[in-house]
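Taken in order, these protein sequences are the chains called A and B. 1 is the number of the first residue of the first sequence in my numbering; add one for each residue after it. 203 is the number of the first residue of the second sequence in my numbering; add one for each residue after it.
Derived from the structure by calculation, the hints contain no laboratory data. Heads up, a few of these hints could be off.
[Said to hold, decoys possible] Here are the in silico distance ranges between beta carbons for each label pair:
# : chain 1 : residue 1 : chain 2 : residue 2 : range
1 : B       : Glu503    : A       : Arg155    : 11 to 21 Å
2 : A       : Leu63     : B       : Ala661    : 41 to 51 Å
3 : A       : Val27     : B       : Leu665    : 28 to 38 Å
4 : A       : Gly47     : B       : Leu710    : 27 to 37 Å
[To be verified] Derived, one-sided and incomplete: chain A residues facing chain B with beta-carbon distance under 7 Å:
# : residue
5 : Ala24
6 : Val36
7 : Thr75
8 : Ile134
[Stated by the list, open to error] Far from chain A, some chain B residues (derived; all Cβ distances over 10 Å):
#  : residue
9  : Ala303
10 : Val470
11 : Thr488
12 : Ala506
13 : Tyr565
14 : Phe577
15 : Val640
16 : Asp686
17 : Pro702
From a predicted model like this one, the values you see are computed outputs, not experimental measurements. Ideal placement from N, C-alpha and C gives every residue a C-beta, glycine not left out.
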Amino acid sequence: MGGDGTRQAFDALFSAYVVVTTAALLVIGLALTLAVLRGRRRGSRPGSDPSRLELAYVGVLVLAATALIAVSLVTERNVDARSATPDVRVAAVASQWRWSFTVSEAGRQAAPAADLVVPQGATVAITLRSTDVIHSMWVPEVRFKRYAFPDRTNRFDLEFPDTGSFEGLCAQFCGLEHDTMRFTVHVLDRRGFDAWLAEHGS
Amino acid sequence: MTVAVLPGRGVIGWAVAADHKSVAARVAAAAGIFMVLGGAVSLVMRAELAHSGMQVTFRDTYNELFTPHGTTMVYLVMVPLALALGAYLVPLQIGAAELVAPRVNLFASWLLVLGGLSIYGGFMTAHGAARNGWTEFLPLSGESFSPGPGTDMWVIGVALADAAAILLAATILLTILTRRAPGMTMLRLPVFTWTVLVTCLLTLFGFPALEAALGLIEAQRHFGADIDPVAYLHLFWFFGHPAVYVMFFPFLGAVAEVVQVFSGARLVGYRALVLALLGFATGSMTVWAHHMFTTGQVLNEYFAITSTSLLIFAGVEYFDLTATLWRGVVRFSVPMLFALAFLAQFAIGGLTGVIVASPVLDYHLNDSYFVVGHFHYTLFAGSMFALFAGVYYWFPKVTGRFLSERLGRAHFWLLVVGTNVTFFPMFALGYLGMTRRVADYPERASLDWLNAVSSAGAAITGLAMLVFFWNLAVSLAAGRAAGDDPWGGHTLEWATSSPPPRHNFDRLPPIRSFAPLLDLREQRR
């Protein structure tokens, strides 16, 4: 993850999309309303098809689609980028119905824990896998989720801009207790994280 | 013993009739019954979700509810209804006496019923019914994580329903290609028939992949095969994405017919619309892995480009239908109310679809209630409303009677309120972090009140459906007589009696455009 973190990337892109789609919805609603009311006032009038207008309109749609795709792909390139030199590494393992996180930094490694502890603002490189079925690790606070597969590893970088405790959950249905498969992300400031790693690390 | 191509008498005669109208009626009746089951199940789910904590069901029961809900609505209701509309109306719209291969259609209609019985039969087995959602991903659906015959009966049932869809799509497609009346060229096919044509293409290209995916589940369960979960995902969604358009196009076609007839105008941009349909169908075969943006295993960029591009084809359809309304004078009969609501509400489903077609946005919204809201706006607020537009429009043709306009209006307004109150809060719920397929969620004020609103909406929706089925019952028994062409139709089905005779037409009017009856009226004027 380069630059601003997944949350800012999502929020900026989502705002743009909400503006565009809301505008489109208003245009559709307005066009439908006018089309319905106009005929009722003026009566039916057969005529030739507005082919040129339609062609111009298709041009607008192509431009809109192109713009949305472009801004999406540029954002995705940022979000999917992985740092060669992350600050903190986390090995995340999902199992029915619990999580295990092993946090390490600069040769120090904490014992596996059910909750995730990370430092604020650092680049956190996560490797994610599952021991049984497909799960999905979701942290709504940073607007990011990713599947956990039993036979392959997913790697991604996250950045947590604010300190605090945030909920994490399994997003992919994984059996009976799927909805209880939750964890907490504790984002500590640098001093707090160092103290935590000193206490729990080896 | 002869298999009756002619509709026979009594229950058995009806059950073995192979003519296209009997087949379609039988498929629609089965789908209607399954719709009641799948809908009832969703009301129990909404009752459980109305408040945090477990009040109504147990976790295990809840999982046994959302699985038949999705399974039923996709495999046993919307896909069969899409094809049943086609099976009934396509021969009538193209001036044919019958679908090709009537006995194949008879067979398909019973495959569907057997499939449904197998899926629901799972409830009577020791470990209960399948409970991993309508997608049954591996390895969760494998032998060690889902023991017992319930999952096998689900696999068999879905395989049968899928086969039924493939057979019906094949015969309907062949009928369009080979049984058109003299003068009915491809570019004079009514728009509804075009939508069914692309639906059949998608079914034939996409649905066999589901049989393969189901085969993988059974290979794992009974022969211990080691299946790559990502391979299953690809096969499943290679079926699953075309399938959502199978559950959309014929209903869009119904709306297109209703919009033309109830605005009394010839469709604007017929050729553009046909081209857009073909482009839409082609494009929809290239988007399947947008369901896999968060797997980290596909080239997201490619699927973002193809998925977002679909808005161009959808935009053309909206343009042509809006321009048709603009050209005509709108009559607000019940079919038109449903058609207009479809256009407004499906726009919400489509535009939220543009949002989740962006990989980074999907990283947050995938597998959340945002997605649940999105596809219910397309399938329920969209396709179901369009289906009702079609049902109120064609019921007089099928039965010779009108559905009650008064009950129809009650049904319509209750359904508009119920649908939007149920599904709109789901966008916020997903954004706030509520996962789909959960029996429970954390006790938090925002989640609690949004879920309560959604559940209240579900109750209103249920009431609306009761009004509809009541309307169906009283109108079948004693509806107002409709005559052959009560609405001033444009297409050939309105040139024959209601209900149509066994061979559909005693004689055909000349066919010089996609709206032959409108041509006749304009000539007379």
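Okay, Gly47(A) versus Leu710(B) on CB: inside 27 to 37 Å?
-> holds (29 Å)
For the hint on Val36(A), just tell me whether its beta-carbon gets within less than 7 Å of chain B.
-> holds (5 Å)
Could you check the hint for me, namely that Glu503(B) and Arg155(A) are 11 to 21 Å apart, CB to CB?
-> holds (18 Å)
Given hint Ile134(A) near chain B, where the shortest CB pair must fall under 7 Å = Since the shortest Cβ distance to chain B is 6 Å, the answer is holds.
Minimum Cβ separation between Pro702(B) and chain A greater than 10 Å?
-> Check passes; 29 Å lies beyond 10 Å.
Confirm or reject the statement that Tyr565(B) sits farther than 10 Å, beta carbon to beta carbon, from all of chain A.
-> violated (5 Å)
Consistency of the no-contact label for Val470(B), given chain A and a CB cut of 10 Å = violated (5 Å)
Assessment of proposed distance window 28 to 38 Å (beta carbons of Val27(A), Leu665(B)) = Once the Cβ atoms are compared, 33 Å apart, the range 28 to 38 Å for Leu665(B) and Val27(A) holds.
Is it the case that Asp686(B) keeps its Cβ farther than 10 Å from each residue Cβ in chain A?
-> About 23 Å separates Asp686(B) from the closest Cβ of chain A, which puts it past 10 Å; holds.
Measuring Cβ to Cβ, find out whether Ala506(B) lies farther than 10 Å from everything in chain A.
-> Non-interface label on Ala506(B) violated, nearest chain A Cβ at 6 Å vs cutoff 10 Å.
Grab the minimum C-beta distance from Ala24(A) to chain B and call the hint holds if it beats 7 Å, violated otherwise.
-> Holds - the Cβ of Ala24(A) comes within 7 Å of chain B, reaching about 6 Å at its closest.
Least C-beta distance from Phe577(B) to chain A larger than 10 Å | holds (15 Å)
The structure is inconsistent with the numbered hints 10, 12, 13, 15, although it conforms to all the rest.
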